[in-house]
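There are 2 protein chains.
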Amino acid sequence: MKKNLNPARGMRDFLPSEQKTRDYVERKIIDVYTRHGFHLIETPVVENIENLLGSQGGENLKLIYQILKRGNKLNLDQPNLTTDDIVELGLRYDLTIPLSRFYCNNRHDLPSLFKSIQVGNVFRAERSQKGRYRSFKQCDIDIIGNASIDSEIELLTVSAKALLSLEVSRFEIKINDRRILRDVILYCGFEHNEVENICITLDKLDKIGLSGIEKELRGKNYPDLAISKILKAMTSINQKGLPSLYELGVAENIISEIQKLVDTVNELSNGDYQAHYDFTLVRGMGYYTGPIFEIVYKDLGYSIAGGGRYDKMIGDFIGEDIPAVGFSIGFERLVNQLIEEGFNLSNTASLVLIYDDADSFVEVFSKADALRSKGHSVSIMPRAKKLNKQLSQLKAMGYNKFCVMSDLDDTIKSID
Amino acid sequence: MKKNLNPARGMRDFLPSEQKTRDYVERKIIDVYTRHGFHLIETPVVENIENLLGSQGGENLKLIYQILKRGNKLNLDQPNLTTDDIVELGLRYDLTIPLSRFYCNNRHDLPSLFKSIQVGNVFRAERSQKGRYRSFKQCDIDIIGNASIDSEIELLTVSAKALLSLEVSRFEIKINDRRILRDVILYCGFEHNEVENICITLDKLDKIGLSGIEKELRGKNYPDLAISKILKAMTSINQKGLPSLYELGVAENIISEIQKLVDTVNELSNGDYQAHYDFTLVRGMGYYTGPIFEIVYKDLGYSIAGGGRYDKMIGDFIGEDIPAVGFSIGFERLVNQLIEEGFNLSNTASLVLIYDDADSFVEVFSKADALRSKGHSVSIMPRAKKLNKQLSQLKAMGYNKFCVMSDLDDTIKSID
Numbered sequence: 001m002k003k004n005l006n007p008a009r010g011m012r013d014f015l016p017s018e019q020k021t022r023d024y025v026e027r028k029i030i031d032v033y034t035r036h037g038f039h040l041i042e043t044p045v046v047e048n049i050e051n052l053l054g055s056q057g058g059e060n061l062k063l064i065y066q067i068l069k070r071g072n073k074l075n076l077d078q079p080n081l082t083t084d085d086i087v088e089l090g091l092r093y094d095l096t097i098p099l100s101r102f103y104c105n106n107r108h109d110l111p112s113l114f115k116s117i118q119v120g121n122v123f124r125a126e127r128s129q130k131g132r133y134r135s136f137k138q139c140d141i142d143i144i145g146n147a148s149i150d151s152e153i154e155l156l157t158v159s160a161k162a163l164l165s166l167e168v169s170r171f172e173i174k175i176n177d178r179r180i181l182r183d184v185i186l187y188c189g190f191e192h193n194e195v196e197n198i199c200i201t202l203d204k205l206d207k208i209g210l211s212g213i214e215k216e217l218r219g220k221n222y223p224d225l226a227i228s229k230i231l232k233a234m235t236s237i238n239q240k241g242l243p244s245l246y247e248l249g250v251a252e253n254i255i256s257e258i259q260k261l262v263d264t265v266n267e268l269s270n271g272d273y274q275a276h277y278d279f280t281l282v283r284g285m286g287y288y289t290g291p292i293f294e295i296v297y298k299d300l301g302y303s304i305a306g307g308g309r310y311d312k313m314i315g316d317f318i319g320e321d322i323p324a325v326g327f328s329i330g331f332e333r334l335v336n337q338l339i340e341e342g343f344n345l346s347n348t349a350s351l352v353l354i355y356d357d358a359d360s361f362v363e364v365f366s367k368a369d370a371l372r373s374k375g376h377s378v379s380i381m382p383r384a385k386k387l388n389k390q391l392s393q394l395k396a397m398g399y400n401k402f403c404v405m406s407d408l409d410d411t412i413k414s415i416d
Numbered sequence: 001m002k003k004n005l006n007p008a009r010g011m012r013d014f015l016p017s018e019q020k021t022r023d024y025v026e027r028k029i030i031d032v033y034t035r036h037g038f039h040l041i042e043t044p045v046v047e048n049i050e051n052l053l054g055s056q057g058g059e060n061l062k063l064i065y066q067i068l069k070r071g072n073k074l075n076l077d078q079p080n081l082t083t084d085d086i087v088e089l090g091l092r093y094d095l096t097i098p099l100s101r102f103y104c105n106n107r108h109d110l111p112s113l114f115k116s117i118q119v120g121n122v123f124r125a126e127r128s129q130k131g132r133y134r135s136f137k138q139c140d141i142d143i144i145g146n147a148s149i150d151s152e153i154e155l156l157t158v159s160a161k162a163l164l165s166l167e168v169s170r171f172e173i174k175i176n177d178r179r180i181l182r183d184v185i186l187y188c189g190f191e192h193n194e195v196e197n198i199c200i201t202l203d204k205l206d207k208i209g210l211s212g213i214e215k216e217l218r219g220k221n222y223p224d225l226a227i228s229k230i231l232k233a234m235t236s237i238n239q240k241g242l243p244s245l246y247e248l249g250v251a252e253n254i255i256s257e258i259q260k261l262v263d264t265v266n267e268l269s270n271g272d273y274q275a276h277y278d279f280t281l282v283r284g285m286g287y288y289t290g291p292i293f294e295i296v297y298k299d300l301g302y303s304i305a306g307g308g309r310y311d312k313m314i315g316d317f318i319g320e321d322i323p324a325v326g327f328s329i330g331f332e333r334l335v336n337q338l339i340e341e342g343f344n345l346s347n348t349a350s351l352v353l354i355y356d357d358a359d360s361f362v363e364v365f366s367k368a369d370a371l372r373s374k375g376h377s378v379s380i381m382p383r384a385k386k387l388n389k390q391l392s393q394l395k396a397m398g399y400n401k402f403c404v405m406s407d408l409d410d411t412i413k414s415i416d
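Line by line, the protein sequences give chains L and E.
Letter by letter, the first sequence follows residues 1 to 416 of the working numbering.
Letter by letter, the second sequence follows residues 1 to 416 of the working numbering.
The reader is advised that the hints may include incorrect statements.
It does not matter which identical chain is meant; a pair holds if it fits inside one copy or across any two.
What the hints assert, rightly or not - Below, a list of computed lysine-lysine pairs in the DSS-like style, where the Cα atoms sit at most 30 Å apart:
(1) K73 x K229
(2) K28 x K401
(3) K367 x K161
(4) K312 x K3
(5) K3 x K413
(6) K69 x K3
(7) K374 x K161
(8) K385 x K260
(9) K137 x K386
(10) K137 x K73
(11) K374 x K73
(12) K385 x K62
(13) K137 x K28
(14) K204 x K395
(15) K73 x K62
(16) K298 x K137
(17) K69 x K137
(18) K386 x K260
(19) K374 x K312
(20) K28 x K374
(21) K386 x K312
(22) K207 x K130
(23) K413 x K137
(24) K130 x K204
(25) K137 x K20
(26) K240 x K298
(27) K69 x K130
(28) K260 x K298
(29) K367 x K401
In short, the hints are calculated from the structure, not lab data.
All values derive from a computational prediction rather than experimental measurement.
Between the sequences and the hints, there should be enough to build the whole structure, so can you do that?
Structural data, given as structure tokens:
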């Protein structure tokens, strides 16, 4: 079989310089989350296929990598073979389904109110395009066992702090609620079974504007009256904000809850960032049941974190609903943006100790250890035929200092 | 579809207390490796199936998780369907094949002598048994581009230092060489194509003893003379060590190279551990070409790290051999052993701030931040109906201190 040098389609190799940044960012986020009393857990990247296919992941269900059955369980000779006959496992497409299964499986060993951190790769066989990867990392925090809006406040505030710790500051928080979307859409005269499709259209406001939304809804032959009502509602919500929802069929307690969420997040932000209500925030997953939210780069318009409340998912596993809410930082976008802005860790000092065949390897090792004990990261390297070429390669790897074993004066030189 | 609460067969959920230890151990190993001039890289867990099936992974090739083709590429209606027709990707079974592909794919951006760190999960659909997992973590260091035995010395010494940094000390290093195994087996009169099978039998000395080996070889109908010669050779090597190999058909330069490896590792060990030559060390992978080695727990007899030289693998990808050698710490065994020995991180102070509905959430947050600024990890928790039950749950999670928002005196109490 011919071998292929490339990573699998849509997946990536990370070279040392990028991986160093990725590792730094990941540890920084975990550190902030840990200091706020969240606990690191780990779940497998592989899940039983029925848990994935039976989840409300919207479009993501079509993007699942499916793993073949093994041994006697795999029978390719049956008539009318379908993938269901030959598949038993799949790669997870998010961290929320595995977390819910984890919680249910281990709930007797976990506290009633559980705050988790999960950092790991998820897999979606997306159509390849710039900035879309088929394996990508998510950093999630979740609070399970608390129905209060306090949990949303905490997740948003702690995630914002994690970004601030990385000196990311030009972001804002958008907040909406699935119940508000549903109530307003029904109030305007659409049917229950149309709510999801209307949401998908509303989500496009940024891209196609109000007139584009009108065109799309008319194209789908919804009643004229409902269309004009929803357009009027959107204008009104855009101008008057949350209070306008009182006249659009939304329950008072929901409005005041979201008002409290927005206000408290802003109060805790110290002015470092702003949260506001956004009726056109929808989010793709089918499993959200209440508040939903995103952190968006102000200038760029794209989201770097998103989440929401999913009070019914645990009930899907154990038949008993347990409130849960989560927030996920899209690690890839965050790191790409940091690198684009010139984020650079290469000024951390690393040193190369160059030796040649005449040197005692034991002495080389001892000298390297002595330099390490002074705080340097030290790599030992045999001298290449062309020292200058070797030094320029090492410089490209982030080394800025070197010394040569046979030099008597022990000086550490800069790599220019 | 009925949902399943368990992780996929042979895979595991990691709860906070265990994950905390795992994370600590992983970071400690990475820290030692980084300070010694190795560079963290990352490769995807998914590889193109031809790279996995076309590799010399021995028995592991039968244990590969295979991922189904997608969309139009997947045709289940063909006659005489085989897995090759429907599979395009697989989960990696080690980190060495992905590293070789990575190196080939990125060699123009890497230095001629490259020292890498890879930490990640690998997947093998092993028969389930205690201590065998189907997804497990490996921590690898590799040196690519150096044919000298210096690289073996460095890998062994640095890996031993990583273990010492975790206060693991009751280990020893076993060293052998694939070329020695081959030369001795041929010298005793076996055929070229029998070498691999003889190795598999020799590997069992610990379990079945010399008489067991004799029985197994006779059962396979090898020539009597060859069998008596190999048994005599084993006794001789066991008594006289490396020098006995001069009389067993092994080239002088190989013997002196391995002698230098053993001696130098011992010289650099500071007496903290011992390395010795072991003719019955075989290791399973087919891709090793020279020295092979393991770190073994003395009392327990099982290996916690293993590796060797694989000078031909990169040539398999690009048609040009580049020397390479690697060493892999079996993370799961190491962590399990540490936990069994009572390794415990729960004495790191974490504090719970308990509040109730009457408290202002903004004030709760501010007080928690004030406590964090004094160095505590602080989790905020609403008061449960039964405070004592809540405190005992929190204690089980590793919390040892708490304070209550409404207490006027601000005292931090111990959780007993």
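Structure-based check of each hint:
For the homomeric pair K73 and K229, neither the shortest alpha-carbon distance inside one copy (56 Å) nor that between copies (46 Å) is at most 30 Å. Taking the closest pair of Cα atoms, K28 and K401 come within 30 Å of each other both inside a single copy (27 Å) and across two copies (25 Å). Only between protomers do K367 and K161 lie at most 30 Å apart by alpha-carbon distance; the minimum there is 16 Å, versus 42 Å within a single protomer. Taking the shortest Cα distances, K312 and K3 sit within 30 Å of each other only across copies (14 Å), while inside one copy they are farther apart (46 Å).
Taking the shortest alpha-carbon separations for K3 and K413, neither the intra-copy value of 43 Å nor the inter-copy value of 62 Å comes in at or below 30 Å. For the identical chains of this complex, K69 and K3 are neighbours both inside a copy (25 Å) and across copies (18 Å), given an alpha-carbon limit of 30 Å. In this assembly of identical chains, K374 and K161 lie within 30 Å of each other by CA distance solely across copies; the values are 17 Å between and 34 Å within a copy. Taking the shortest alpha-carbon separations for K385 and K260, only the inter-copy value of 25 Å comes in at or below 30 Å, while the best intra-copy value is 68 Å.
Within a single copy, K137 and K386 get their C-alpha atoms no closer than 40 Å, and across copies no closer than 39 Å, so neither meets the 30 Å cut-off. With identical chains, the CA atoms of K137 and K73 are at most 30 Å apart between copies only, with a shortest distance of 27 Å across copies and 32 Å within one. Proximity of K374 and K73 under a CA criterion of 30 Å is satisfied in neither setting, with 59 Å inside one chain copy and 58 Å between copies. In this assembly of identical chains, K385 and K62 lie within 30 Å of each other by CA distance neither inside one copy nor across copies; the values are 54 Å within and 44 Å between.
Both within a single protomer and between protomers do K137 and K28 lie at most 30 Å apart by alpha-carbon distance, with minima of 15 Å and 22 Å respectively. In this homomeric assembly, K204 and K395 never come within 30 Å of each other (Cα to Cα): the closest approach is 47 Å inside a single copy and 48 Å across copies. Proximity of K73 to K62 under the C-alpha cut-off of 30 Å is found in both arrangements, the shortest distances being 24 Å within a copy and 15 Å between copies. Within a single copy, K298 and K137 get their C-alpha atoms as close as 22 Å, which meets the 30 Å cut-off; across copies the closest is 39 Å, which misses it.
Taking the shortest alpha-carbon separations for K69 and K137, both the intra-copy value of 26 Å and the inter-copy value of 23 Å come in at or below 30 Å. For a Cα distance limit of 30 Å, the shortest separation of K386 from K260 across copies, 28 Å, qualifies, whereas the shortest one inside one copy, 67 Å, does not. In this homomeric assembly, K374 and K312 never come within 30 Å of each other (Cα to Cα): the closest approach is 55 Å inside a single copy and 39 Å across copies. For a Cα distance limit of 30 Å, the shortest separation of K28 from K374 qualifies both inside one copy, at 25 Å, and across copies, at 19 Å.
Taking CA atoms no more than 30 Å apart as the test, K386 paired with K312 passes between copies only; the shortest distance there is 26 Å, against 65 Å inside one copy. Taking the shortest alpha-carbon separations for K207 and K130, only the intra-copy value of 18 Å comes in at or below 30 Å, while the best inter-copy value is 55 Å. For the homomeric pair K413 and K137, neither the shortest alpha-carbon distance inside one copy (39 Å) nor that between copies (39 Å) is at most 30 Å. Proximity of K130 and K204 under a CA criterion of 30 Å is satisfied intra-copy only: 20 Å inside one chain copy versus 52 Å between copies.
Within a single copy, K137 and K20 get their C-alpha atoms as close as 15 Å, and across copies as close as 20 Å, so both meet the 30 Å cut-off. In the homo-oligomer, the alpha carbons of K240 and K298 lie at most 30 Å apart inside one protomer (21 Å), although the nearest pairing across protomers, at 73 Å, exceeds that limit. Taking the shortest alpha-carbon separations for K69 and K130, only the inter-copy value of 22 Å comes in at or below 30 Å, while the best intra-copy value is 33 Å. For a Cα distance limit of 30 Å, the shortest separation of K260 from K298 inside one copy, 23 Å, qualifies, whereas the shortest one across copies, 61 Å, does not.
For the identical chains of this complex, K367 and K401 are intra-copy neighbours only, at 15 Å inside a copy versus 45 Å across copies, given an alpha-carbon limit of 30 Å.
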